[in-house]
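Engineer: Residue numbers (our numbering), protein chains in the order written: chain Y, 1 to 447; chain W, 1 to 447; chain R, 1 to 447; chain G, 1 to 447.
You may find that some hints are simply not true.
Chain copies aren't distinguished; within one or between two, either way the pair holds.
To be verified - When the alpha-carbon atoms are kept at most 27 Å apart in a straight line, the in silico DSS-like pairs for lysine-lysine are as follows:
(1) K210 to K122
(2) K113 to K137
(3) K181 to K262
(4) K344 to K261
(5) K402 to K344
(6) K192 to K73
(7) K73 to K315
(8) K373 to K73
(9) K261 to K402
(10) K197 to K137
(11) K197 to K304
(12) K373 to K210
(13) K68 to K315
Because the hints were derived from the structure by calculation, they are not lab data. This one's a predicted model, so the numbers in the text were calculated from it and none came from an experiment.
Number of protein chains: 4
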Amino acid sequence: MSVEVIAIGGYEEVGRNMTAVKVGEDVIIFDMGIHLDRISIHEDTDIDRMHSLDLIERGVIPDDTLMKDVDGKVKGIVFSHGHLDHIGAVAKLAHRYDAPLIGTPYTAALIQKQINGERKFKVNNPIKTLNPGGKMKLSEDITLEFVQSTHSIPQAVFPVLHTPEGIIVYALDFKFDNHQKVSPPPDYRRLKELGRKGVLALIVESTNIKDTNEVKTYSERIARNILEDLMRGPLYEKTGMIVTTFSSHVERVQTIADIAKKSHREILFLGRSMERFCGIAESQGILKLPKNSSIYGSPKAVNKALMKAEDNREKYLLVTTGHQGEPDALLPRIANGKTPFNIKRGDNVIISAPIIPNPTNAANRHIMERRLKASGARIYANAHVSGHAGREDHRDFIRMLKPQHIIPAHGDLSMLSAYGELAEEEGYRIGNNVHILRNAQAQVFNG
Amino acid sequence: MSVEVIAIGGYEEVGRNMTAVKVGEDVIIFDMGIHLDRISIHEDTDIDRMHSLDLIERGVIPDDTLMKDVDGKVKGIVFSHGHLDHIGAVAKLAHRYDAPLIGTPYTAALIQKQINGERKFKVNNPIKTLNPGGKMKLSEDITLEFVQSTHSIPQAVFPVLHTPEGIIVYALDFKFDNHQKVSPPPDYRRLKELGRKGVLALIVESTNIKDTNEVKTYSERIARNILEDLMRGPLYEKTGMIVTTFSSHVERVQTIADIAKKSHREILFLGRSMERFCGIAESQGILKLPKNSSIYGSPKAVNKALMKAEDNREKYLLVTTGHQGEPDALLPRIANGKTPFNIKRGDNVIISAPIIPNPTNAANRHIMERRLKASGARIYANAHVSGHAGREDHRDFIRMLKPQHIIPAHGDLSMLSAYGELAEEEGYRIGNNVHILRNAQAQVFNG
Amino acid sequence: MSVEVIAIGGYEEVGRNMTAVKVGEDVIIFDMGIHLDRISIHEDTDIDRMHSLDLIERGVIPDDTLMKDVDGKVKGIVFSHGHLDHIGAVAKLAHRYDAPLIGTPYTAALIQKQINGERKFKVNNPIKTLNPGGKMKLSEDITLEFVQSTHSIPQAVFPVLHTPEGIIVYALDFKFDNHQKVSPPPDYRRLKELGRKGVLALIVESTNIKDTNEVKTYSERIARNILEDLMRGPLYEKTGMIVTTFSSHVERVQTIADIAKKSHREILFLGRSMERFCGIAESQGILKLPKNSSIYGSPKAVNKALMKAEDNREKYLLVTTGHQGEPDALLPRIANGKTPFNIKRGDNVIISAPIIPNPTNAANRHIMERRLKASGARIYANAHVSGHAGREDHRDFIRMLKPQHIIPAHGDLSMLSAYGELAEEEGYRIGNNVHILRNAQAQVFNG
Amino acid sequence: MSVEVIAIGGYEEVGRNMTAVKVGEDVIIFDMGIHLDRISIHEDTDIDRMHSLDLIERGVIPDDTLMKDVDGKVKGIVFSHGHLDHIGAVAKLAHRYDAPLIGTPYTAALIQKQINGERKFKVNNPIKTLNPGGKMKLSEDITLEFVQSTHSIPQAVFPVLHTPEGIIVYALDFKFDNHQKVSPPPDYRRLKELGRKGVLALIVESTNIKDTNEVKTYSERIARNILEDLMRGPLYEKTGMIVTTFSSHVERVQTIADIAKKSHREILFLGRSMERFCGIAESQGILKLPKNSSIYGSPKAVNKALMKAEDNREKYLLVTTGHQGEPDALLPRIANGKTPFNIKRGDNVIISAPIIPNPTNAANRHIMERRLKASGARIYANAHVSGHAGREDHRDFIRMLKPQHIIPAHGDLSMLSAYGELAEEEGYRIGNNVHILRNAQAQVFNG
């Protein structure tokens, strides 16, 4: 029985992840993501209403047209976690496959939202949930296991396939964080056990591999400590206060809420995506917001909340979207004077997010920060830790799993290559047992 | 009789240059420029219709309100050359002064255009022209001399004031280029002569001083050689061909025309500012366009020309605006599919301009280049030399003039400081005879 | 009574700090440091045996020859903390002044060591100690106060002069760290009190002001958390383990010891400067080393300890000098195979120090790391936080002290200028109440 | 008959190039270079006296031990040009093969020098010369052709193998320079002809591919123009004058001589490698030095020449080795005061070479420049153009040759990958017809 790993998306870019694994006649698909950067290149891209083929041509979603030549039956579409570069294309692509969509409960709820928002296609695939630590039989030969992982969104897992030819581990995206409050640490014990049983192939993210600063990615404990030190002052000043972070980073949102709840300020979570990610997290009992807090998602509700805050700015903490300065998001609109809340001299703005590297983000953030400063705000911009494994984390990971073959993913060629060089330091060899694939290429392992 | 140099604009930024020199009771103003970057920070800035005070508040034009406290009479407003960061505020500020506007003929024509376009103010100051090498008495005590300089626009000069207390040299902006075709080399002989006579103060640009790569700024001969090598191939391919450069860089435009005229291609100069700068240059006999060339400025004329070129792309060379990727300029609009000319596989695009350092330009250029490439264009992006003096040119300049005092200008504090450190290597001392001013500060020299 | 601040060293470089403050006829000197980088430029520089004037000419120590023209009497030489760029020139310069040397007990002990090592001059100035929080009358008019600060060495203080004309604060070097274990937090209460009383002038470091990454410098709690996460794995592997950090960073050394003491490994602190700084710290009760630890300083003792460790590498943790890769320090010598301890495959090396920015350090570190890796070591290089205040810490500091005048120090012109721009954001103005001085320039405040 | 390309050295680094091509039973080897950087990692590396296996272990020379498993007979060892990273290992490796060494006359003379200097091995392989444009039968099936190329050393060629399975082109190292004086332009006509005949495989350098600044590498005409502008001033000042450049860059040396010969200065070419490369070039009629010039290579002769120059510095132009600041080379030794020629205030130093990117070079250059400046020299450091093809040159090259397969070489993985991505823009696909090899891997093409 041969095993084949088919690179569909995310092997030439950071984004639009999708990989298929064929074991004998059974095919399992991992992730169906979008490539957010590509949207801005064509100004008229309206994702919700566009057809898959147009989006494929523009490089926005994975090009899965090659799947029609794959001789096999798709038994499951498995999602590692709920970020858009992993689930964002589900409504465009899933309906072509007669197979269930499988994710942890939080991921599954986000997939459901994605499908509900779709305007072009009807997606009727059943959605199944599997808890971290759980197993599910996908076919006669294949059993799926979700091994607990950590990332920058709750309920991220390593999906693992147990096959007659060995174990296949899909490790997009993860970090090794032993200090999150919302999520337990990664299940190192199980990873080592899998390593002893025999891992045939590891498909693994390479997003952070070139970052020479963060050899082992800092834990969320670091982010908590930084935010505690940064927020203490502003919380007790009699001025306005805004924190912006990733809506989906529920761990971080929890941290911000925990620090602020001891103060007298009422916490307002504002913005559509803030409502989406935090609302679901709260309803599932993952996020525990304090009493003095509310979430507002609709433009109307947001405006009303901002009006309230404008007049009593020292009484509120605004937690908003817009950390990249994207012109339509909330914080940039506040900075541009387009909301009822006007920045005044002395207001404090904490940006708990990096600039996602891309010239447009750099320009948007620059303009937003200049506007905020011009209105008199004080900006604290360095309150973040990454959600992706660093170089030395990856080394540890390889040592735990001892895979026969490694396929780096979720990166451009320079990232996949850098991962390959790390693997060579651990005794592997590019071209022999480390395989660098381009989108639409496949690697066959003969069992 | 005391001499006072008053920093009005351009001492905390690259842009909106304006300096006043007071000699006894007479005041001479140098330049009235705008700060282009600042316009984009406030989205609703409509320069032509806005009042000076609003533009001052937004940092777009120099804040000359301090001039009302200067006890003296303005005898002349002198323009060094025709770039917008030196003349762009003339229509907003000049009418407040009862004094003539003085420039070389090319500069004067551009000032006239600027005034004609103004919608808010009436500007009735007389415009006087002075040729490079010429002199003009501005008051009993002060004579203005224009010493030939070189820059990236024709007829740039060093305006020099001969005063009873010594000579004052205003050196914004210049390079030492001995190989331009449109402009003669700088008048080194006269500069050295001034040095021997005794220069009291040198007010000097510092724009390029931090560039450690270009110790002596390369001459336009280098740009010619590079463009010759780059253009040769594309000129004779049967595909579309576009060159974009600064409209005001008439020397460069001449070079492009000279190289292309030997080919069979008809040259189309396209875009409003291309028409403005090149049209005047041609009418004044500065720019000599070949027979097989035309300039189109109005949107309608440009569109018609593009339609013609679309069908016979191998027969035309388009010379366009838009090298920074500014969304409303021509090349970015072509890249975005918004004109009758569609980029096709194999078309060649030569960008004869650097990215002017600024996150918005970086983002715009990035998006434009990605779109051009996505349509199949081949881009050549490294065909430029700077128009500003390099570190070692400045050293030579100091040695020629041997000024008693130096006031670096046209830069942020880090540039003015870097100039100061260079001057210290030449025996000066910051705080003693090198004076780093902030906007609105003045330096007095007691004669 | 006029007050004069005289810049002697550290106003054109990071290093060789020295400032004099003249109040009426009394002069107080702050710090007498060396400039370590300058030593390597002249290969034959032997500090211990060279004369002050030679060292001044080479830029290694501050040029205090201008002090002979200062009309006043030196009443005290005050040291802010024990780093070499603040005390390293004491043995070369102090003997010229008839005044006591004043520091906290830890600083005083280091000064004593410095004087003991001198081969050229006899230094007989009395050494006086003053505890953080203490006061000492220096003359009729001047009282010195040591306000508790934090930095990367124990017992760093803000020396404060109470004068008839107002308070003068000397703030080199500091960070705001509320989470050190060896040192209490800065005395914010007292700083604000001084601000209310009226600070005439603040002399303040600018070393980190250009670092746009660290807006508020991370606390040592962050370093502890990082080191805990990094060291946990290596401590329990059966391989060699080395940590290198600044010998004088007693807080960090304490952290390393605290983490390691729970393991079975014996801790060996190795290297001459490790013995100097940690030995004194231990004898003064500042550093509390666990039982299973020893310090070895002499080459012989170090070698013996390394021999022991070579054979039972899994039983020891080596804490060494050499984090910059300086060829004669211990870790680079180990890396180069010149000690009895040979790096073996699997050994772990943790570098708890940044590359101090300088091309020589970059080259040395690069070579050291390549050698360590070539021998099979695994390197963890990102376990550090800075000891210098960040941009936003400085903003807080200015708001606490509200000084009438600010004089940035301990930086090159670009750093002093960047500090000046920060102060301008807080309402100050360079040239008016922010004074950028060059070495040997003075600023007079008329009381 | 199958064709196999075997990567021996230079596929994981810039340096120690060596590639074997097996056609049926015949093997042709291209280049035997050293890796200069690796020497400094082990301080005790004495190349001339060390055994191949030690040098292989240290990564200094290619690991050709795999050749014993290659089932075939070596018919020729072909050298593309005379740089050390292409010929430097000849004396260590060639004796193991019973095959002639083949190069152009200039390359052959340099190989002979290399062999003469060897202390460990006897190398008796016959040396054969082949002129650019010439052909030589290497076996029944294989004919070698040397196609004229340009690089930064004279007589660089593209060695081409004509085989029954198609043409194989070896393109290390080259640029497309139409304006050299010492060398004719590349033979574009022949390259296109080869493309039409059918190129099976292109083995091609990737050294400059990541340089986004130089899309088409500037020609030596640019370097001439720059040097003319830079040297004019210093030549006629009454001060010392030094130019340093690559000894092997005979074209550049010729340029320097041509510019200087019109002045009154006598030109002294100084340094051992200057004598080696220029001496041979002169004896072969490639370099034409003016009458008022001499070459001195031995330390004694150099010292004597320097003594002469010391006393009449305005009468000489010194052209020296040492542009990287390597401590033992001439210019760094002058800078460090270790020669009879002492830098005086006003002396001019022109560095016509880039910093070869590597932390040690950066540190050495930094120290050398600081020393030169400290002694009063004025440095001009930006007088160079690269000798390696840029990104757009490579695109042109691919379009000329239209090879079936491409194997990028002479780079680390990131460079080979970047080349691969360029090839993909031209319709190739990594993994299909672009092959990224690691040292010791092979690619087979079945004819």
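Engineer: Taking the hints in turn, state whether each one holds.
Structural biologist: Quick rundown of the hints versus the structure:
1. K210 to K122: Intra 40 Å, inter 45 Å, cutoff 27 Å: neither.
2. K113 to K137: Answer is within; shortest intra-copy Cα gap is 26 Å, inter-copy 71 Å.
3. K181 to K262: For K181 and K262, both the intra-copy (18 Å) and inter-copy (25 Å) Cα distances are at most 27 Å.
4. K344 to K261: This pair counts as within: shortest intra-copy Cα distance 24 Å, inter-copy 51 Å.
5. K402 to K344: between (56 Å within a copy, 21 Å between copies)
6. K192 to K73: neither (31 Å within a copy, 49 Å between copies)
7. K73 to K315: Neither: 58 Å inside a chain and 54 Å across chains, both beyond 27 Å.
8. K373 to K73: Neither: 57 Å inside a copy, 38 Å across copies.
9. K261 to K402: This pair counts as neither: shortest intra-copy Cα distance 45 Å, inter-copy 32 Å.
10. K197 to K137: within (19 Å within a copy, 57 Å between copies)
11. K197 to K304: Answer is neither: 57 Å inside a copy and 45 Å across each miss the 27 Å cutoff.
12. K373 to K210: between (32 Å within a copy, 18 Å between copies)
13. K68 to K315: Neither: 58 Å inside a chain and 44 Å across chains, both beyond 27 Å.
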